[in-house]
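J.: Sequence:
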Amino acid sequence: MGRKAAFDDVCSNEANGWTTCLETNLGSKDLHRKCDVHQQTFDTCVAEWRAKVGSAVQVKGENEGDPPFQCATMSCLIGECLRKYDYNFDRCKPHTQFFKYCVKSFYGRDYIS
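Going letter by letter, the sequence shown gives residues 1 to 113 in full-length UniProt numbering.
Among the hints, a few may not be true.
For lysine-lysine, the following DSS-like pairs were computed, each having C-alpha atoms within a straight-line distance of at most 27 Å [what the hints assert, rightly or not]:
{"no.": "1", "residue 1": "34", "residue 2": "93"}
{"no.": "2", "residue 1": "34", "residue 2": "84"}
{"no.": "3", "residue 1": "93", "residue 2": "104"}
{"no.": "4", "residue 1": "84", "residue 2": "52"}
{"no.": "5", "residue 1": "93", "residue 2": "29"}
{"no.": "6", "residue 1": "52", "residue 2": "100"}
{"no.": "7", "residue 1": "100", "residue 2": "84"}
{"no.": "8", "residue 1": "29", "residue 2": "100"}
{"no.": "9", "residue 1": "52", "residue 2": "104"}
{"no.": "10", "residue 1": "100", "residue 2": "60"}
{"no.": "11", "residue 1": "104", "residue 2": "34"}
{"no.": "12", "residue 1": "52", "residue 2": "93"}
{"no.": "13", "residue 1": "29", "residue 2": "104"}
{"no.": "14", "residue 1": "34", "residue 2": "100"}
{"no.": "15", "residue 1": "60", "residue 2": "93"}
Restraint ranges, calculated between C-beta atoms of paired labels, are given here [said to hold, decoys possible]:
{"no.": "16", "residue 1": "30", "residue 2": "63", "range": "34 to 40 Å"}
{"no.": "17", "residue 1": "50", "residue 2": "26", "range": "24 to 30 Å"}
{"no.": "18", "residue 1": "16", "residue 2": "93", "range": "21 to 27 Å"}
{"no.": "19", "residue 1": "66", "residue 2": "23", "range": "15 to 21 Å"}
Simulated from the structure, these hints should not be mistaken for laboratory data.
Every residue gets a Cβ at the ideal spot worked out from N, C-alpha and C, and that includes glycine.
Between the sequences and the hints, there should be enough to build the whole structure, so can you do that?
T.: What follows is the structure, given as C-alpha cells:
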C-alpha cells in the first residue's frame, strides 16, 4: 500500500502481535488457546479506540474490498494455512474467523457478508 491513511496505526501493534501469534501457530488445533492473550489485547485496544471515535467510523483498505491495513496480513495466513495442510478447510477455519473478526472490529460490521 502506497498511502498512509488516518487510521492505519490504530491498534497496529496489537494487531501485529496477534497476527504473529497466529502465524507462529499456523493451523494449530489449539490456536484459540495459544493466541487468546493477544486477541484480548487487540480487543481492549479496539474497545478503547471505539470509545473515542464512536461506532460510525468505518475503517477499510485503500481500494474497495481491501481489508483494513491492520488485518491484511491475516488474510494471507488463510491461504498459507490451506496450502500447508492440503486444503483442509476445517483446520484453517479459525484463520478465516479471526480475519473476519479483525475486519469487523475496524469496519464496525461485516464488510463482506
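J.: Determine for every hint whether it applies to the structure shown.
T.: Hints, one by one, checked against the model:
Taking the CA atoms of residue 34 and residue 93, the gap is about 16 Å. The hint holds against a cut of 27 Å. A threshold of 27 Å between alpha carbons decides the hint, and for residue 34 with residue 84 the separation of about 19 Å falls inside it, so the pair holds. About 17 Å separates the Cα atoms of residue 93 and residue 104, which keeps this hinted pair within 27 Å; it holds. In summary, the hint linking residue 84 to residue 52 is not supported, as the alpha carbons are separated by about 40 Å, beyond the 27 Å threshold.
Note on residue 93 and residue 29: the hinted pairing holds, with a Cα-Cα distance of about 11 Å set against a maximum of 27 Å. The suggested pairing of residue 52 with residue 100 holds, with an alpha-carbon distance near 23 Å, which does not exceed 27 Å. This hinted pair checks out: residue 100 and residue 84 have alpha carbons roughly 21 Å apart, not beyond 27 Å. Between the alpha carbons of residue 29 and residue 100 the distance comes to roughly 19 Å, so the proposed pair stays at or under 27 Å and holds.
Restraint check for residue 52 and residue 104: satisfied, since their Cα atoms lie roughly 17 Å apart, inside the 27 Å limit. Using a Cα cut-off of 27 Å, the hinted pair residue 100 and residue 60 holds, with the two alpha carbons roughly 12 Å apart. Note on residue 104 and residue 34: the hinted pairing holds, with a Cα-Cα distance of about 22 Å set against a maximum of 27 Å. Distance check on the hinted pair: residue 52 and residue 93 sit about 32 Å apart at the alpha-carbon level, beyond 27 Å; violated.
Restraint check: the Cα-Cα separation between residue 29 and residue 104 comes to about 24 Å, which is no more than 27 Å; the hinted pair holds. Proximity of residue 34 to residue 100 is assessed by CA-CA distance (about 19 Å); at most 27 Å being required, the pair is judged to hold. Taking the CA atoms of residue 60 and residue 93, the gap is near 22 Å; set against the 27 Å cutoff, the hint holds. At about 35 Å, the beta-carbon gap between residue 30 and residue 63 stays in the expected band of 34 to 40 Å.
In this structure, residue 50 and residue 26 meet the distance hint of 24 to 30 Å, their C-beta atoms being roughly 29 Å apart. At roughly 22 Å, the beta carbons of residue 16 and residue 93 sit within the given window of 21 to 27 Å. Range check, residue 66 to residue 23: Cβ separation about 20 Å, and the 15 to 21 Å hint holds.
The structure fails hints 4 and 12 (numbered hints given earlier, in ascending order).
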